[in-house]
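Trainee: What follows is each chain in one-letter form.
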Amino acid sequence: MIIVDILQKNATYICLLHKKKLMPSIDYHTVVETVVELFRKAVTEIGDDVILALRKAYENEDNELAKNNLKMILENIEVARKSKIPVCQDTGIPVVFVELGRELHLDFDLKAAIVEGVRKATEEVPLRPNVVHPITRENTMDNVGLHVPHLNVDITDGDTLKLTVLPKGAGSENVSALKMLPPTKPNKITRFVIETVKEAGGMPCPPTIVGVGIGSTFDGAAKLAKKALLRENILEMNEFELELLEKINSLGIGPMGLGGKTTSLAVLVEMGHCHLASLPVAVNIQCWAHRRASAVLR
Amino acid sequence: MATVEWTTPVSKEEILKVRVGDIVYISGEILTARDRAHERALKYLEAGKKLPIDLNGAVVFYCGPLIKKIGERLKIVSCGPTTTMRMNGYIREIVKRISHIVLVGKGEKGNEIAEALRGKGVFLAFPGGVGALAARAVKSINAIHWEDLGLPEAVWVLEVEKLGPCVVAIDAHGNNIYEEVERRVEENFRQLLVKIE
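Taken in order, these protein sequences are the chains called G and U. So for the first sequence, our numbering puts the first residue at 82; every next one is plus one. So for the second sequence, our numbering puts the first residue at 12; every next one is plus one.
Honestly, the hints are just simulated from the structure, not real lab data. One or more of the hints may lead you astray.
[To be verified] Listed below are the simulated DSSO-like cross-link pairs for lysine-lysine, each with C-alpha atoms no more than 27 Å apart in a straight line:
1. K80(U) to K165(G)
2. K122(G) to K79(U)
3. K308(G) to K243(G)
4. K137(G) to K163(G)
5. K173(U) to K201(G)
6. K173(U) to K80(U)
7. K173(U) to K163(G)
8. K163(G) to K28(U)
[As the list claims (entries may be wrong)] Over the 10 Å line for every Cβ pair with chain G, so calculated as not near, a few chain U residues:
9. P20
10. R30
11. E208
The beta carbon of each residue, even a glycine, is placed where N, CA and C say it ideally should be.
With the hints as extra help, turn the sequences into a complete structure.
Mentor: Put into structure tokens, the structure is as follows:
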């Protein structure tokens with residue numbers, strides 16, 4: 082029996098797969114089915130932390146248009162969860178984080194299993210076929226393509242395989258930005274983050290969640306910014322993050338760019354050491370429909 | 012702020028009556044269009060070629076629906092709006108060639124189409140991502156045109172019942188909520204900069 086813990090937000094769900102068959106280790110089929118279930122969960126169920134943040138925002142707003150938008154968003158989350166349908170028609174581009182325990186020995190093609198899971202999820206959930214060739218714009222129709230699903234692989238201690246899916250919509254991805262800042266001017270970070278949110282306006286479907294990657298390399302900063310979005314509870318922010326959030330919300334962009342106090346629900350920062358001569362900063366914006374789900378396989 | 016209910020096709024008088032901040036619910040036949048459908052529609056209009064649907068008085072929903080095939084039948088699962096600003100160039104040219112129109116989109120920035128819509132059209136905002144709720148208003152799929160553009164980019168003719176609440180974000184009299192918000196945001200940003208630098 083293989084026990085899969087699907088961890089999302091604060092809740093722990095335990096699914097028993099292949100109840101009848103005794104299985105000695107993680108296999109191809111289990112990974113495929115886990116990926117399908119993770120995408121299904123991610124696109125149909127918004128996390129409790131995000132719902133709580135949206136409710137707080139609703140209470141806090143006095144602008145009627147902002148309140149109306151937040152009310153519809155909360156209603157939509159409820160309808161999607163109850164009817165098991167995707168909250169948003171843009172079910173995103175598939176991004177998968179893989180944390181591979183170094184004691185694990187897998188005797189199958191893990192990448193192929195994840196790819197197959199995305200294909201199957203596209204048909205079964207369903208997900209909108211969003212993946213096209215960058216130049217010809219030809220749609221692959223199964224959300225699989227060159228370097229898609231986008232995999233982020235990390236090697237961890239232990240003997241578990243953790244899979245996290247983060248289907249990412251284009252509206253918020255399109256307004257994300259990266260800049261190599263002057264290394265001796267860390268105060269420029271605040272300006273760059275706020276400016277990126279300001280430039281985005283209503284386009285990324287605010288209230289957003291702002292992932293910030295500080296340090297590392299050009300590509301590493303972008304990866305950190307995306308990883309920042311995976312924080313288990315978006316409401317657990319440190320002082321620096323809360324200060325950034327307050328400044329962002331003083332801009333007045335508001336839900337859907339129609340004005341109001343809530344432009345963002347959270348600012349989440351991940352840092353990495355960097356070269357003495359550089360200071361990369363990446364801002365990855367996430368729409369209110371923050372879709373993510375994880376599973377740990379043993 | 013007034014609340015009105017429209018049944019398509021919407022008349023020019025109805026369009027001229029509403030002001031920014033008003034709430035609109037739409038019933039009747041609407042059509043979806045994205046980037047590539049706009050490109051083709053403009054080509055047809057420029058060449059004097061007949062469009063598969065009449066755009067005069069039409070309600071254009073900027074949406075690429077999520078569809079499920081159940082046997083031979085297609086079902087709209089989720090259908091929230093997409094950003095329309097990418098299509099502003101096409102919208103300006105298309106609006107010149109028709110009498111009046113209703114556009115339904117989502118969160119924008121600035122969105123400088125108020126001049127193009129003056130006396131002719133309105134832009135209604137429906138919250139982005141609210142696709143499950145929007146799908147509940149869809150009663151049937153009446154037709155699909157230009158399927159060769161791919162299902163999300165095709166033109167879907169949908170029968171809707173009380174799609175809304177939509178907010179008039181740009182009216183036919185030059186008022187534009189997005190531009191007002193943009194001005195305030197720029198001012199707030201300038202004040203913030205003084206504090207942080």
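Trainee: Compare the structure with each hint and give your call.
Mentor: Evaluation of the provided hints:
no., hint, verdict
1, K80(U) to K165(G), "holds (16 Å)"
2, K122(G) to K79(U), "holds (17 Å)"
3, K308(G) to K243(G), "holds (14 Å)"
4, K137(G) to K163(G), "holds (22 Å)"
5, K173(U) to K201(G), "violated (34 Å)"
6, K173(U) to K80(U), "holds (25 Å)"
7, K173(U) to K163(G), "holds (21 Å)"
8, K163(G) to K28(U), "violated (38 Å)"
9, P20, "holds (25 Å)"
10, R30, "holds (13 Å)"
11, E208, "violated (7 Å)"
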